[in-house]
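These are the residues of each chain, in order.
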Amino acid sequence: GAGVSQSPSNKVTEKGKDVELRCDPISGHTALYWYRQSLGQGLEFLIYFQGNSAPDKSGLPSDRFSAERTGGSVSTLTIQRTQQEDSAVYLCASSLGVAGLVDTQYFGPGTRLTVL
Amino acid sequence: AQSVTQLGSHVSVSEGALVLLRCNYSSSVPPYLFWYVQYPNQGLQLLLKYTSAATLVKGINGFEAEFKKSETSFHLTKPSAHMSDAAEYFCAVCDGGATNKLIFGTGTLLAVQP
Numbered sequence: 140g141a142g143v144s145q146s147p148s149n150k151v152t153e154k155g156k157d158v159e160l161r162c163d164p165i166s167g168h169t170a171l172y173w174y175r176q177s178l179g180q181g182l183e184f185l186i187y188f189q190g191n192s193a194p195d196k197s198g199l200p201s202d203r204f205s206a207e208r209t210g211g212s213v214s215t216l217t218i219q220r221t222q223q224e225d226s227a228v229y230l231c232a233s234s235l236g237v238a239g240l241v242d243t244q245y246f247g248p249g250t251r252l253t254v255l
Numbered sequence: 013a014q015s016v017t018q019l020g021s022h023v024s025v026s027e028g029a030l031v032l033l034r035c036n037y038s039s040s041v042p043p044y045l046f047w048y049v050q051y052p053n054q055g056l057q058l059l060l061k062y063t064s065a066a067t068l069v070k071g072i073n074g075f076e077a078e079f080k081k082s083e084t085s086f087h088l089t090k091p092s093a094h095m096s097d098a099a100e101y102f103c104a105v106c107d108g109g110a111t112n113k114l115i116f117g118t119g120t121l122l123a124v125q126p
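Protein sequence lines, in the order shown, are assigned to chains A and B. The first sequence begins at 140 in the numbering used here and counts up by one. The second sequence begins at 13 in the numbering used here and counts up by one.
Just so you know, the hints here were simulated from the structure itself, not pulled from any lab data. Think of the CB as a built atom: it goes at the ideal place given N, C-alpha and C, for glycine as much as any other residue. Heads up, none of these hints are tricks.
In silico contact screen, one side only, chain B against chain A (beta carbon under 7 Å); selected entries:
#, residue
1, Gln54
2, Gly55
3, Leu56
4, Thr63
Partial list, derived from the structure: chain A residues whose beta carbon lies under 7 Å from chain B:
#, residue
5, Gly181
6, Leu182
7, Phe184
8, Tyr187
9, Asp195
10, Val241
11, Thr243
12, Phe246
13, Gly247
14, Pro248
15, Gly249
Build the full structure now, drawing on both the sequences and the hints.
Right, dumping it as structure tokens:
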């Protein structure tokens, strides 16, 4: 597609349930990022993929959070046993990922997660 | 570690007035700086970026920003505000490491009064 897409756009779940959030990056972009936007914490980095590898997972807040990327394309962020503090907008971004180059990250529209 | 500070969580201007949104950075290495805009219920859109070329950077929608090393600033300006500029604006610094992850400021919500 023309841009980064994310699904679902909205997700309401009950505390304790697992959720999966999907990101489709721009075709040909090897770098993929997940960020979280919440009222209390602002915009914060979660995880970075280069290809299918995740060399930087430093932003994942707990072991309930995990992510994978397959085929160098689609990525899924999984939150297990959701808690109310997980309520936020989860943003995905992709970039060309050229080594040594600080290229532009293009953001998707986000998934708004509400944990009841 | 890199960080950015945005002064003013809310800024209100009149239509046609100058827009000035402030951003100061902290970086131990030459920084790469970005301004993104977020319209309601949308993702982030890049306005402009500084990558150590010209210190005055022009972006989309008439916005520009000037990198001032002596002041560690990267303020965003637009000579004449338009109603459509009402949005939230985020300044960000790239961490400069292997990941190029972005570290964002807390954002400035711009209101434009008719």
